[in-house]
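With these hints in hand, go ahead and build the complete structure from the sequences.
Protein chains in written order, with the working numbering: chain E, 1 to 501; chain U, 1 to 312.
It is worth saying that the hints were derived from the structure and are not from the lab.
The beta-carbon is built from N, C-alpha and C at its ideal position, and this holds for glycine as well.
Any given hint could turn out to be false.
As the list claims (entries may be wrong) - Not everything, but these chain E residues come out facing chain U in the computed CB check (under 8 Å):
1. W29
2. R30
3. D142
4. E146
5. P148
6. E169
7. G260
8. I263
9. L323
10. V327
11. T333
12. G334
13. V482
14. P483
15. F485
16. P486
Stated by the list, open to error - Quick look at which bits of chain U chain E covers, simulated, 3 or more residues with Cβ under 8 Å:
17. 32 to 38
18. 114 to 128
19. 197 to 207
20. 280 to 294
Claimed, not checked - Not close to chain E: a few residues of chain U, all C-beta gaps over 10 Å, as computed:
21. I70
22. T154
23. T306
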Amino acid sequence: MSGERAAYREDVVPGALGGKVQALLGSGWRLALVAGHDDGDGFRVVYSFLRPVGQRRELVVRLPHDQPELPSLAGLSYPAGRFERELRDLFGIEPVGHPLPRGLVRHGHWPTTWHPMLRDAGPMPDFEPDVGSYPFVHVQGDGVYEIPVGPIHAGIIEPGHFRFSVVGETILRMKARLWFVHRGMERLFEGRLPSEAIELAERISGDTAVGHTVAFVQAVEEALGIPIDPEVAARRALLLELERLYNHVADLGMIPNDVGFGIAHIHTQRLREKLLRHNAAVTGHRLLRGGITVGDTRFVREPDLALVAGVAAEMAEIVAFTLNHSVVTDRFTGTAVLRADLGGSLGVLGYVARASGIGVDARRDHPSVDLGPDFSVVTQEGGDVLSRYAVRAGEVAVSAGILPHLAELASGGAGGERAAYPVTDGTTGGPAAGLGVVEAWRGTLCHWVELAPDGRLTRVKIVDPSFFNWPGLPVALADTIVPDFPLANKSFNQSYAGNDL
Amino acid sequence: MTALAVAWQILVAVALTPVLVGVMRQVRARLEGRVGAGVGQPWRDVRKLLAKEPLAAEGAGPLMSAVPVILVISSLVSVALVPLLGIATLAWVPDDLFVVVSVLLVGTVALALLGLESGTAFGGMGSSRHMMIAALVEPTVLVAVYALSVPVGTTALSSILQARMSDPTTVISPVSLLALVALSIVVLAETGRLPVDNPATHLELTMVHEAMILESSGRDLGWLELGSWLRLTALLGLVVNLALPWGVAADLGVGATVIATLAFSVKLLIAGSMIAAAEVFLAKVRLFRVPELLAGSFVLAFLSVTASYLLV
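Below you can see the structure in the form of structure tokens.
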């Protein structure tokens, strides 16, 4: 395993990084993850690149502890610039030449000198007054005014502050200030055995329990060299589809609800509840927790394919009557368009990308299991709310369509006689690292895991697709009117928790 | 005696209004497959709110508590003036169409000022949208009822109603139908119903009416809710009585008043249920499409006036 890995992992000196990355990005590679490491005697930064089908490259840069400076790649890749700001906040690594070197993930009330991912960072210090304040651009002009919304909202939603600069009802500029709820998630993983960390992975973002857990165990299995049976891979793929189904079904109701078409919402809530109860029957938890372990994945009860097919058929009916409603279609069409070229340079993923015609899908690009002949990547060209709605509707049908094939694969193996993964130690014989890549329901999700020789986790880097997709929202809002913002936001439906770890 | 009849009309309207809102919400809930909070919930909400102390945002002025009172008074006056139960009118306040519209406008402007009072962006946004809608609604109301007044030769609502009672064929004339359709659309817009405003939303950025009262609480909010609902009773009551003038008391006798009260309650609740049922199938139009909708209703009202001269 390690010899094979050496083929795609490469140490790079800081000076050569820019040229290497430019060459990679120019030949179809995508920057998927940047993980910082405080090794005590210096910093190590791992850049992970992906290319269809199933190709990986990793560049490792080592930096001295006393003067951690990294040449900025912000000019080559927008996501790289955001990863660099994250490194700067969490490790104090300075991106040299970054056009906008200001805080990204750090909480506004932390002391500016405190970097939580440093080994000697200690517990979180007391909050300071928000002295630096947030550098909102003050838009000036005749009749321009600002609307601040949140971070506390009228509904039960996660905290985010949105600052609109508006003329009349037209949005000139919107700035989303997120990062209010840093939980130190990556730090919590450190020192645990992988088997003890599953429960954490399941709770990174509640609605993506399967996505994060599968990515995590894939990374651990790669690091430890644990082979995976095709049945186990199929069961994981099946759980991922169940997670996609219940989330897409909920979204397909909530988007029309935001234009006052409540009847669609009521019915999708009914369907979602049906799926959640089915989830509870399959894994013992409504959000599909509990089924996935390192090296294995089990069901409490086999999935009820007829029930899921029935839900998908009803969903198709609800989608049809929603899109037949002329006012609803009018509200969806042309609202909050994310152009393909802009979406591409921002590096958006998942249904947001596919609705803008960017066909990125890890199920096809980085497959772990054969999804059968009924699988296809659903794309739309419009980039508007209607396209994001239609992509979800299409994906519900595709997910339900490939479930029988997955269920067949999943039940093919011997089943219960696998030896459990040894939860103690001594399995690696040296430091080991692995990467997990999964198409979660929001998009491609990556976990980078490093283990000490005793089998304990020394570093887990989590990249939720929301990290890539959030910047797409303000871009899509150009020429949108204020009362359409909730609709646009719901059509993106990004995770706050997965984004702010 | 007339004063007594008017007092009875106000009493009936105030008692009926929470029931109307409750029935509308319940009908919608049941049609959507929800259990619903029950017909009595709006009444319980108002009772709870009226018992609570209002809290004002820092920097908010005296309008925060003055506007709810102004709104309730304007709504009560319009409820008293519109011939809901009988066509008896007070001698010292004309139940003239223009007076009723002006009284309603006092409440509209008061609400817009309330939205600006607490100095939040939402309130101001709600006020600006509210005034945009009001500016489009008021002319239509005037023109539509004016069309109905042309055959009668007066703009007194009681006289218009009396004429329709004595000659029911005028109710289904083209003039009347056009005017009633126009009026129905503007009533929905004026009272913040779908497809113009969504009374059930929690999304501040999409709100119109709710955005203006977002900063109000306790007693103030209770009066604002009641005042807004009374406007619905007054406007919807006017439309149902113009459409179905039967049952309206022609004299001040106790028997006629009892019949009128029952007839009005049934007509109003059925009309409310129909609106609620229709709302299940409606979605909110884009804000910039609202003027198109209201312009359409103005065209209908204008056609109705034209027809009233051509088809005498």
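Take the shortest C-beta to C-beta distance between E/V482 and chain U; is it under 8 Å? 5 Å, holds
Hint status (Cβ of E/L323 to nearest Cβ of chain U, threshold 8 Å): 12 Å, violated
Does the stretch 32 to 38 of chain U contain three or more residues whose Cβ lies closer than 8 Å to a Cβ of chain E? holds (count 3)
Are there at least three residues in the stretch 197 to 207 of chain U whose beta carbon sits under 8 Å from a beta carbon of chain E? This one holds; 8 residues, not fewer than the three required, reach chain E with a Cβ under 8 Å.
Should the interface hint for E/F485 be scored as holding, given a Cβ-Cβ cut-off of 8 Å against chain U? 5 Å, holds
U/T306 remote from chain E - nearest C-beta pair above 10 Å: Non-interface label stands for U/T306: nearest chain E Cβ at 29 Å, farther than 10 Å.
Restraint check, 8 Å cut-off on beta carbons, for E/E169 near chain U: Result: holds, 6 Å to nearest chain U Cβ.
When the nearest CB of chain U is found for E/P148, is that gap smaller than 8 Å? This interface hint holds because 6 Å falls under the 8 Å limit.
At a threshold of 8 Å, is the proposed contact between E/G334 and chain U supported by beta-carbon distances? Given a least distance of 10 Å, the restraint on E/G334 is violated.
Taking a Cβ-to-Cβ distance below 8 Å as contact, does the stretch 280 to 294 of chain U have at least three residues touching chain E? holds (count 10)
With 8 Å as the cut and Cβ atoms as the points, is E/R30 at the interface with chain U? 34 Å, violated
Coverage criterion applied to the stretch 114 to 128 of chain U (partner chain E; beta-carbon cut 8 Å; 3 residues): Since three or more residues must qualify, the claim that chain E covers the stretch 114 to 128 of chain U holds, with 4 doing so at under 8 Å.
Against the hints set out earlier in the document, violations occur for numbers 1, 2, 3, 9, 11, 12.
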